[in-house]
Amino acid sequence: MSSTGTGTQPPPHVIEAARSPVMASAIAGRTKVLPILELALLIAASIAPLVLRDYITVYATRVLILCLFALSFDLVWGYAGILSLGQSLFFGTAGYGVALLSRDFGVASIFAVLPAGTLIGFVAALLLAGFLLLGRHPSSVVFVSLGTMTGAYAADRLARGSHYLGGQNGIPSIPPMTIGSHELSEGPGFYYLVLAILVLIYLLSRFLLRSQFGLALAGLRENEQRIAFFGYNVQHLKAIIFAISGAIAGASGSLYAFHEGFVWTNMLGVVMSTQVVLYVLFGGSGTLIGAVIGTAIVEGLSFWLSDNYRDIWPIILGVLLLLVILFRPLGLISLVLGERERVGHFGPSLKEKRNAAP
Amino acid sequence: MPLLEAAGISKVFGKLTALDGAALSVGEREFHGLIGPNGSGKSTLMKCLAGALVPTRGKVTFINTDVTSLTPPERARAGMSLKFQITAVLPTLTLYDNILLALQARSSLLDLAFSRSRGRLHEEVMTLLLQFRLADRAFDAAATLSHGQQQWLEIAMALACRPRLLLLDEPTGGMSLEERRVTGELLQPIKQHCSLVIVEHDLDFIRDICDRLTVLDQGKVLASGTVAEIQANRSVQEIYLRRA
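First to last, the sequence lines map onto chains A and B. If you use the UniProt record's numbering, the first sequence corresponds to residues 1 to 358, in order. If you use the UniProt record's numbering, the second sequence corresponds to residues 1 to 244, in order.
Just to be clear, a hint being listed does not mean it is correct.
Claimed, not checked - DEER-style ranges, computed between Cβ atoms:
id, chain 1, residue 1, chain 2, residue 2, range
1, B, 38, A, 314, 52 to 60 angstroms
2, B, 193, A, 134, 29 to 37 angstroms
3, B, 106, A, 349, 15 to 23 angstroms
4, A, 83, B, 63, 33 to 41 angstroms
5, B, 185, A, 83, 41 to 49 angstroms
6, A, 143, B, 12, 19 to 27 angstroms
7, B, 21, A, 143, 29 to 37 angstroms
8, A, 35, B, 114, 17 to 25 angstroms
9, B, 108, A, 44, 35 to 43 angstroms
Stated by the list, open to error - Sample of chain B residues lacking proximity to chain A, with all beta carbon distances greater than 12 angstroms (derived):
id, residue
10, 30
11, 61
12, 66
13, 96
14, 201
15, 218
Just so you know, the hints here were simulated from the structure itself, not pulled from any lab data. C-beta atoms are modelled at their ideal positions from N, C-alpha and C, and glycine is treated no differently.
Take these sequences, add in the hints, and give me the full structure.
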């Protein structure tokens, strides 16, 4: 038994009661909305290309890539409380990186460019974290958000001024990505590839965020100062999740570059960074699925509105976003998801408990 | 050699001198009360001990190591734990997760990422919750607890770090008489493995559980000694009479 228990050891029957599965499953009994929602969305996404017209499938592919980008922002903001307003820095840097790889070195194999883009995002985020997060004392939210925003702005400006990077026009006509000898052009094939990558990264993120590491992140988000007094090195925790998020943004940036066939400075700049913030706020942060839903709805709405209300659609979209943020500050997801399920719980599974029991 | 030794601690905020050469010495398994009128510098001294503030002058030694400029996480890893004056439980997490969060602070990042220590820590979490009479609420959000229960949860979290020294800033603030009595009971067994520095307004409570007292007044130590010595001390009586 732990050293903390000495002295007031509760009577054995009380300990037994605490260990019993009844108590442990007190939470397990509640209905879970999240898995149902995730499954329903996955099914809908899987059959979408079969029923959608081709040009819409192409648009939907772009939306899925942006969903991946939104996940990267949810990871830092929704889970760790780091307000990164420069998320596009990693998205765009990776996009430019893979564009150069294919333009100057003829490398377009997915097995080379996707890992390369992910690595570029990871390293860029780690470098920025070195400046912004890894001081001896924790840095303030404002410092980090302004720092990340400045990073994105500077990258945008640098790219605009660089002849090598194509200046204002960016890098056009990137050759298509290849799998073996097969060329991936936009359409259902590309769609399913992106969907598979999105699902994979979603599941990996979910695994990490529901682990004890996720609990530490929740502590970070709720009260950074408090958990420092437990002995957590909050700066390291932040840098790690920031770098992971950069890697995900990098993966989505490289997919984006190959899907669109060109990269341009907007991919690096503040516009793209703000967009991803809106997706996540709209859908609801800190749930992963909220980021996906937010992206899909915002992008879907823009698509439909711009077709039907050609002149005023941005205003309609803006008002809708404001309404959601005003009346549903926790995002659309809070319509169906209670707080307990949103925050989650981190105790061990029954199996883990049984293994721990002497 | 005492467990904790603070000497010549001064803390200046702009023109305000909150602490002026205060000193404190706490032995192994000693319960040490820190008392004094409002504004005498008790909380500031606590914060200097815990690392929330860095003293302007002076030195804090903990287990023979100079910890004056160590950050809070470094002090926590050295065996020091703090319960804040204002309750700082994590309101949206369950009680269980609040305790687990404190307990797992020493696990490696890899263990955290693969959840390798939570099975092992389960019993410790439940023991602490039982010890602080919170086990039946284990899976409720901490926000749903009463004020007194939140204080207990905080003490449980502070103890979960397995400290050699626990710093408690007003643990009974806002508690009912009955809750205070229970808090005293809950703290007693800690003595077997841990020292305590406690800031508290309730003098009866302090008298009941502390071995030694240090009285601060205007940032200086007015008196320090056993409870009996302090009770007999003229100048201490005076400041408390003056206040009454």
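Checked hints:
1. 38(B) to 314(A): 52 to 60 angstroms: At 57 angstroms between Cβs, range holds.
2. 193(B) to 134(A): 29 to 37 angstroms: 35 angstroms, holds
3. 106(B) to 349(A): 15 to 23 angstroms: 22 angstroms, holds
4. 83(A) to 63(B): 33 to 41 angstroms: 39 angstroms, holds
5. 185(B) to 83(A): 41 to 49 angstroms: 44 angstroms, holds
6. 143(A) to 12(B): 19 to 27 angstroms: About 26 angstroms separates the Cβ atoms of residue 143(A) and residue 12(B), which means 19 to 27 angstroms holds.
7. 21(B) to 143(A): 29 to 37 angstroms: 35 angstroms, holds
8. 35(A) to 114(B): 17 to 25 angstroms: 21 angstroms, holds
9. 108(B) to 44(A): 35 to 43 angstroms: 40 angstroms, holds
10. 30: 16 angstroms, holds
11. 61: 20 angstroms, holds
12. 66: 17 angstroms, holds
13. 96: Residue 96(B) not clear of chain A: closest Cβ-Cβ about 5 angstroms, inside 12 angstroms.
14. 201: 23 angstroms, holds
15. 218: Per Cβ check, residue 218(B) is outside 12 angstroms of chain A; nearest 28 angstroms; holds.
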